[in-house]
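Enquirer: Chain A is already provided as a structure; the job is to place chains B and C on it using the hints.
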Amino acid sequence: MSGNPQYTLAELAERFGLEAHGDAGTIVDGVGTLASATSTQLTFLSNSKYASQLADSQAGIVIVGAADVASRKGAALVAADPYVAYAKIAALFEHVAAAPRGIHASAVVAASARISPTASIGPCCVVEDGAVIEDGAVLGPHCTIGPGCVVGAHSRLVARVTLVIRVTLGQRVLVHPGAVIGSDGFGLAFDRDHWVKLPQLGGVRIGDDCEIGANTTIDRGALDDTVLEEDVRLDNQIQIAHNVHIGAHTAMAGCSAVAGSAKIGRYCLIGGNAGILGHLEVADRVTITAKSLVTSSIREPGEYSSGTPLQENRQWRRNAARMKHLDEYARRLAALEKDRGND
Amino acid sequence: MSGNPQYTLAELAERFGLEAHGDAGTIVDGVGTLASATSTQLTFLSNSKYASQLADSQAGIVIVGAADVASRKGAALVAADPYVAYAKIAALFEHVAAAPRGIHASAVVAASARISPTASIGPCCVVEDGAVIEDGAVLGPHCTIGPGCVVGAHSRLVARVTLVIRVTLGQRVLVHPGAVIGSDGFGLAFDRDHWVKLPQLGGVRIGDDCEIGANTTIDRGALDDTVLEEDVRLDNQIQIAHNVHIGAHTAMAGCSAVAGSAKIGRYCLIGGNAGILGHLEVADRVTITAKSLVTSSIREPGEYSSGTPLQENRQWRRNAARMKHLDEYARRLAALEKDRGND
Amino acid sequence: MSGNPQYTLAELAERFGLEAHGDAGTIVDGVGTLASATSTQLTFLSNSKYASQLADSQAGIVIVGAADVASRKGAALVAADPYVAYAKIAALFEHVAAAPRGIHASAVVAASARISPTASIGPCCVVEDGAVIEDGAVLGPHCTIGPGCVVGAHSRLVARVTLVIRVTLGQRVLVHPGAVIGSDGFGLAFDRDHWVKLPQLGGVRIGDDCEIGANTTIDRGALDDTVLEEDVRLDNQIQIAHNVHIGAHTAMAGCSAVAGSAKIGRYCLIGGNAGILGHLEVADRVTITAKSLVTSSIREPGEYSSGTPLQENRQWRRNAARMKHLDEYARRLAALEKDRGND
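Residue numbers (the numbering used here), protein chains in the order written: chain A, 860 to 1202; chain B, 860 to 1202; chain C, 860 to 1202.
Watch out, some of these pointers could steer you wrong.
Treat identical chains as interchangeable: a pair holds within one or across any two.
[What the hints assert, rightly or not] When the alpha-carbon atoms are kept at most 16 Å apart in a straight line, the in silico EDC-like pairs for lysine to aspartate or glutamate are as follows:
id : residue 1 : residue 2
1  : K1122     : E1159
2  : K1056     : E1171
3  : K1122     : D1083
4  : K932      : D988
5  : K947      : E1140
6  : K932      : D1067
7  : K947      : E873
8  : K932      : D915
9  : K932      : D882
10 : K932      : D1198
11 : K1056     : E1089
12 : K1122     : E1089
13 : K1056     : E953
14 : K947      : D888
15 : K1122     : E1088
It should be emphasised that the hints constitute simulated quantities derived from the structure, not laboratory data.
Okay, chain A solo, but in the shape it has when bound (with noise of 0.2 Å):
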């Protein structure tokens, strides 16, 4: 067995309020994919398009929508929303060390700080003059928190993350590693041969249950902040420029990009490497799909793409070529029918 902690049917669903069928003592200890599940193993199913594994799945247990219940000859849970149930419930399987309550011999910590008794300051953390780690808060190995900056209770910061300056998470924000949060933004004006820097005098405010992927960069406000509203969550290797908004819930996928001053909507999904232009609006609802580039405001809820699909590359080159001459052909088309419609 594998000295994880061991659940029954009874007890998830008396603890997550789901409906239980099958023997109430079946025992997990772990989680696996439909597939792969043992009889050990809690799993779930959501997607019709995996319904056919389910009659053969080993899983000891099935979390399930209510109508594959039937399908389902072992111990099974019922969920509205089987992929929700199973998150909930595979978070009991994760073990995440304490973090040792106080500072690491080998940190550096401003006499200025303040640092709650039970935050965790890890090796090698660098924590400067006025910055705030509150209650429970965790900052793993290699993390600098710059002057005046606050970690908000039982934050995460999971090793080396960078906070420069005027940055204030909330609480129970996640940070992966290598995200920067609060460096300059990019403003320059240029002086007849030559750039003159903008001084960055804003800052970063991050709300409550936000998470930040690795690499991820976010740039503190010219003037007023850049601000992520609460339970926005970012993949790894994104960049938000200064002055940006993003509003509570919305979710972007990994190498996505958002220029200075956009203002993004609530519950917008962003897909891998979109990118969103500066100075525009983007209302709440709306999703971009990946690689994408929106260049101006988007005012109704809705799907919204843009590029060209791939071809073997022989084909796509003829294609491409044609590309260049679109206008052209429009305008010869338009002239056919006219001259048809003059016979």
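Expert: Then chains B and C, alone, in the frame of chain A:
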């Protein structure tokens, strides 16, 4: 009051060589936007789009162009380029805590490194054999300066910057957290069934007054050096491959990338997530719009683009499917025209 | 002279199994380009595009293919693949300072970590509980090796590399600064009005002889592992999502990205900033050109592309506007053809 430094209209006019209008004793102690600046703050109007806000602005001082000064009731400074003037004046209100001279106790500095007595080496920095840190240079926390690398006078590495090897930074270079300069170029030779790595024997030379964004990467050359001339401005998460040469005063927006041995001219503007393929040349004063891909040399100044416009996904799908047949459509169009001509 | 090691033509021919032409005693102590190499440097000619430079090259030794040797007056080595032979010989001239065995005084190493006596743990490294560092492995400054992670024999983490948790590196793996391996996959379930995080319970397995570029991120799997087979070569700023599987000998250029659970074949070449969506398969020996987006599985080897060609912006605008109406144009074209057929 804010405890900031205070300046009168007369002082600013004198110091920056600008023409003053209104009460010479008007005092400002900070900056703000045209809409939000208070009676003790300075702001600017450079874009005629916002001219309507000028009459209502509560700002203590507004920097305007000559054409707009008549519309301003309160104190004003007249500048040929209000944005440039604002950039310079705003810098007065930026507090950058003076970095303490000397080497922090937690830093690890090789005996053979040469550190100016006026330089500042921050907590947990590592300075390796033969590295040189010149007068007034500042290394924030967690920087690594590899063997023989040089940080020029008054350059500032904000935090967690890594110079790997054979990297020379000029004077007043500003590097943001997470940047990696001098990592191996991506050079591989394919030997029948596996890759053989090419040693990367060159270095990186960064000119005076350059700025390098957060998590930007600049590889060192294979034989010769990767070069940024003076006053090159790189935003966050930019990738510069080995042996790239970027001309003076060129600015690149976030997530753009240049492949190996490309040569970019002076005074170019490269948009966000734009890409430039390897072994090609881009002339001076070329602008590339966001997300465009440069696949061959550009010999003339001007603005260049690729990509398709964003559409509602359902419409986009219909159009994108047609792009796969453009060549055929063009042929059919020509056939119709020919046919018509034969009537 | 450079103080570099010196080799005669005869020594190199013998050591690398190449045919020598010219004075067997010709000595080289370095490498250069065909155009710049001096009489004590070695270079190569692999691309017939540069054949005209061969006669003028001042290089002490040139590696050439059999077809070009007659055009070379001085000393030459004949190789089946001159570029591969050059890669191997050039490695003789790379100085990598030997890393000192043992643990730097500033490193923080858990008592339960297992460090080979022949490994080198650099300044400010953090090695956590149960981590294993095998023979001859080198950790440069500022690396963090998370709980239970394994760094295989003779692997080298140049500097500031973070292995988060459940990460295993094979032998001779080379990881560049800023890389993050084993961070949380981006797994979220939407629970009516907010996100619920899915615990990421898998790990990352990196095969022998892989190379991971600067600031590249590789997330750990949700249940199973994220896998790179042997000799996979990743450039800088690449994003590999959870549960991705990359076949042996595949090389990916800078800023490319692979979304969750995609399976990439062996010997693939992925161009710069190309993207591959999740849950799809790419066959062996597929080439994807720069900035292309793969949105469905690719079953056949070959070269694939998407995107549009670069144009002068004014022309591009006209054509791009037409792309929004392609479906309509295609219908109108068909209508004209039909109409014509009815004549």
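Enquirer: Failing hints, ascending?
Expert: 2, 4, 5, 6, 10
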